[in-house]
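*Asks:* First to last, the protein sequences are chains X and C. FYI, the numbering for the first sequence is 1 to 311, going by the numbering used here. FYI, the numbering for the second sequence is 1 to 361, going by the numbering used here.
No wet-lab data here; the hints were simulated from the structure. These figures come from a predicted structure and were not determined experimentally. Just to be clear, a hint being listed does not mean it is correct.
Unchecked claim - If we take Cβ atoms under 10 Å as the criterion, some of the chain C residues that face chain X in the derived model are:
hint : residue
1    : Asn185
2    : Asn189
3    : Asn197
4    : Asp222
5    : Glu232
Every residue, glycine too, gets a C-beta built ideally from N, C-alpha and C.
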Amino acid sequence: MFDFLVNWLANVPIFALPYALAALGLIITEKAGVLSLGAEGFLLIGAMSGIGVLLGVGDYPLLALIVAALAAALLSLVYALLVVTLRVNQVIGGLALVFLAQGMTGVIATRAGWTSRPVAGLHNVPLGSLAEIPVLGPILFQHDPLVFATVPLVALVAYVLNRTMFGLRLRAVGDGPDAADAAGIGVALTRYGAIALGSALVGLAGGYLAVGVAKIWVEGMTGGRGWIAVALVIFARWQPWRALGGALLFGGIEALIPRIAAAGLALPQYLLLMTPYLATLAVMIWICLRQDGRSLEPRALGVAHMREERR
Amino acid sequence: MTRPFFKAAAVALALLLPLAPAVAAPFKLKAEPKIAMVIFGQKNDGGWSQAADEARVKMEAALDMKIPAVDGVKENATAIRPVVELFIKRGYNIIIGTAFGYSDTFKELSEKYPDVAFLNLSGTTNGPNLESVYGRTYESQYLCGMAAGAVSKTGKLGFVAANPFGVVNWTISAYELGARKMNPNATLNVVYTGIWNDPVKERAAAEALVDQGVDVLGQHVDTPATQIVAQERGIYGTGHHRDMREFAPKATICSSVWTWDKALLPEIKKIMAGTWVPAPNGALLSMAKGGTDIACCGPAVPPAAVKEILAERKAIIEGKQIYAGPLEDRDGKLRVPAGQVLSDADLWKMDWYVKGVITQK
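With the hints as extra help, turn the sequences into a complete structure.
*Replies:* The structure is reproduced here in structure tokens:
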């Protein structure tokens, strides 16, 4: 039983990481007032580009992850053009982007012959003697580089959003674009930046899913994880640290379910599968019941900005 | 007589009508035969869809005609209908589908186009010009189970499967029956991923099984992730759909493979000859008729075991039944009485496992 627990906990980070990175990216985008339902699409683009680098260029997993992030950022400019410049409805724009990415990744990967080709992918980098510590070693210190980079990344995003001028401007654009505009902040430019930066992180999450976890590409392999990330952001009330906590919960359950089955334990797996969604629902209900509950939500989320004189 | 009586009589009549013997008139083509295929996934997906496409190429050679195909046609009517109708408009009159999810749309199209013959791999619907075709995958998975039982040192086998329903459950129980033939104490731990092509979940399931001490991994999902994990962790694996040596040459000891050209060619020849009468409940094909076969065996399987597996393969082709009585399920309930064979209807709704299979409830 103890081995089972250690084994499970050691597997939680790789399942939590894609959720954490994707949610972190969505928080950046949404804090600037742009709803991002395209997460599933950015995950797919990232996943396919990452595998494409490994199969087409060579066994450079870190390069693959960088390309995954860049590819998603590039595609996100299309989304930015739609919703910021052309002021297309953000829900429709986001959904359209998911369909675009689904079709595009399918066509490219099929033509290139990347489907089902195994890759070596990311390797674990045990942290020296720390990795030798019983129990804690395998759980915390025997992972790939991106797992180690995630906590500092969450800290960085939290710091930048809440403690720097750049973060203040970004949040101002998300809370009151008119006021921000009047104060001389470039609303469109900030939103373009937030979309590109946030989508790059979602793309990185997708790249990790393919390069670090599955180590293979098949069409539609992200399996709806982008939508879970969208829910996770609501669950986390747009707070980076809470998103990390939520990702650990969601990832922990995803890692637990097959392990319970493999051990032949008789637990109700369908109930377990529901827990992240039940938790999200519970948080949303709790927020609605609280007086100040909506205060963390970007107030201009989903609203296109238009200068007063043009209305 | 009372109204309820009439109602009851009407209901009884309605229930009995479909049982009346249908007039089995063979289907006749109205024009020169032209065959087209509609493929569910990408035709180089390494699994299910590629197996169908490879059969298409073999059939082109055998029939000396072009068989065009469209791949990546998802399982919804709005995706299927335009593709099929375009083929029909261009004069194609034998349409081969490749997905469970095409069943309803193919039924509807077969009624709309009575002069076109429809064949659907893994479908569930049938009609005067529509036949669903599937293989008795439990025969080949039984043989791969034998290979697994022969190479396993721990006697603990693992299986990654998509969803617990008839066609999956019959492969799992057959795999365990095969394994137990070689090692009477072999057990089979099954993890369901709940989805056909999520390599993240498949890898998680496979890793979890290896961590539990399993030393051979079988699978009934759509990606080769399970075999790749087996290779990485230095254990063995058996494949489904196609020969998985392509993806995990060291680990793969046996694969259950589709032989759709062998299954479809006789049907197509009958259609061309005007003697085709679709099976009213679909064609569930045995190994002898081109259902499935095995790609076996890797060098890890001892020669004596290979001999035994090939002997069993021969027996199956000659008519040996995997689900022959007496056969009990894992709870000790008698499922197939002595002297009987599990019926096709019972196979399709199989919701039980033989002794030694460990799953979640």
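*Asks:* So, for every hint listed, does it hold in this structure?
*Replies:* Each hint tested on the structure:
1. Asn185: 15 Å, violated
2. Asn189: Nearest chain X Cβ about 6 Å off; hint holds.
3. Asn197: 5 Å, holds
4. Asp222: At about 7 Å, which falls below the 10 Å cut-off, the nearest Cβ of chain X leaves the hint on aspartate 222/C intact, so it holds.
5. Glu232: Since the shortest Cβ distance to chain X is 8 Å, the answer is holds.
The structure fails hint 1 only (numbered hints given earlier).
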